[in-house]
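2 protein chains.
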Amino acid sequence: MKYHKIPDETVRRLPIYLRGLQYLLDKSQKSVSSVELAEFLHVSATQIRKDFSYFGDFGIRGVGYNVETLIKQTREILKLGGTRGAALVGAGNLGTALLAYPGFGTYGLEIVVVFDNNSTKIGKQIDGAKIEDIGKISELKKRGIKLAIIAVPAEAAQDVADKLVAAGVNGILNFAPQFLSVPKKVKVITIDIAMELGRLPYYI
Amino acid sequence: MKYHKIPDETVRRLPIYLRGLQYLLDKSQKSVSSVELAEFLHVSATQIRKDFSYFGDFGIRGVGYNVETLIKQTREILKLGGTRGAALVGAGNLGTALLAYPGFGTYGLEIVVVFDNNSTKIGKQIDGAKIEDIGKISELKKRGIKLAIIAVPAEAAQDVADKLVAAGVNGILNFAPQFLSVPKKVKVITIDIAMELGRLPYYI
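Those sequence lines, one after another, are chains A and B. Mapping of the first sequence onto this note's numbering: position 69 corresponds to residue 540, and the numbering continues sequentially without gaps. Mapping of the second sequence onto this note's numbering: position 28 corresponds to residue 499, and the numbering continues sequentially without gaps.
With the rest of the complex left out, here is chain A:
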């Protein structure tokens, strides 16, 4: 099935819907209305109907959406079929926490290689992954790894990003509190933890 281009803001909400729907399915709920889902996820029902309308119009008035179908279509749109390998750069506290983080599997992601520049860490195993020399990032291309996670200090992040892009990586999840300059074809999602916390005071 082909879909129209979906706005970034909708793409951002789809994994949130996916998590909520999965929760309902685990509780054996077969169908859900946009109003019910809205209440549950604290998003407006209008927004939910609009977002799902990009998939084609398959909610039934008075009955709602079939939970299982909606999960299947959402996963398909997000291209979450199969498993993709990702590289992690930085084996400090944050990198170690990420390696131990449950739930990557839900989204078909697996950290298959870890890079660090600390010679005392290189060669060691953490959570089943071997830490390799950061100089070997260039080998990602021949290993076919296109996704990477940056968990290095801010001052090292741009250099790491440049090396990743040169090695053919086109999707980066960036945890460094640093704006990354990359070519337009490369998608960067920056998780700036302080920035997220920075949104909270507005609401309280």
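Since the hints were derived computationally from the structure, they do not count as laboratory data. Each hint should be verified, as a subset may be incorrect.
As the list makes no split between identical chains, a pair holds if one copy fits it or if it spans any two.
[Unchecked claim] In silico lysine-lysine, DSBU-like type, Cα no more than 35 Å apart, as pairs: (1) 634 x 501; (2) 658 x 592; (3) 501 x 592; (4) 498 x 613; (5) 592 x 476; (6) 656 x 595; (7) 655 x 498; (8) 501 x 656.
Following the hints, position chain B against chain A.
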């Protein structure tokens, strides 16, 4: 200055603009057009103009926005003046990484207390903060702490959230891969790392 109610999606983008503007100010740039900012932050210029229009109309056609004024107003809207204390629950790898994370200060946030349920950790200091018994969460009310960060395993997160809400916390930054059910007056921002990475395949 009073502002109109601003949509959540705009509030979400304001810290992104703030970071970009701060970067420009650090490079001594005095003014910026929406087109230039759009190019720089990979957001559409129309979106930027629309978001800033909630502040009142102070961009000057052909000249752009004054960088310093825009920073000041954005910080004011986000209520980022002064310093607010936050509690961190969970002193594992992720919690430790968060404590060492630079940049909270930029957003006027300071982790002033850490809670854990591991008796071998309680009483120890990490990064200048003392780890206290999780049973003492109820004391947050009398200490006037309204913000909290949850960095505990998924299965413990709801219980911790309930305790935080009972102790008067009304803003939670949640790192557990777990949907949290809280009263509507409490704002939860969940950072589900896998979920963020789950958006990447769509783009690549």
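Status of each hint after checking the structure:
1. 634 x 501: between (47 Å within a copy, 32 Å between copies)
2. 658 x 592: within (29 Å within a copy, 39 Å between copies)
3. 501 x 592: neither (49 Å within a copy, 44 Å between copies)
4. 498 x 613: Result: close neither inside a copy nor across copies, 43 Å intra and 38 Å inter.
5. 592 x 476: This pair counts as neither: shortest intra-copy Cα distance 43 Å, inter-copy 50 Å.
6. 656 x 595: Answer is within; shortest intra-copy Cα gap is 34 Å, inter-copy 47 Å.
7. 655 x 498: So residue 655 and residue 498 pass the 35 Å test across copies only (23 Å; inside, 42 Å).
8. 501 x 656: between (39 Å within a copy, 30 Å between copies)
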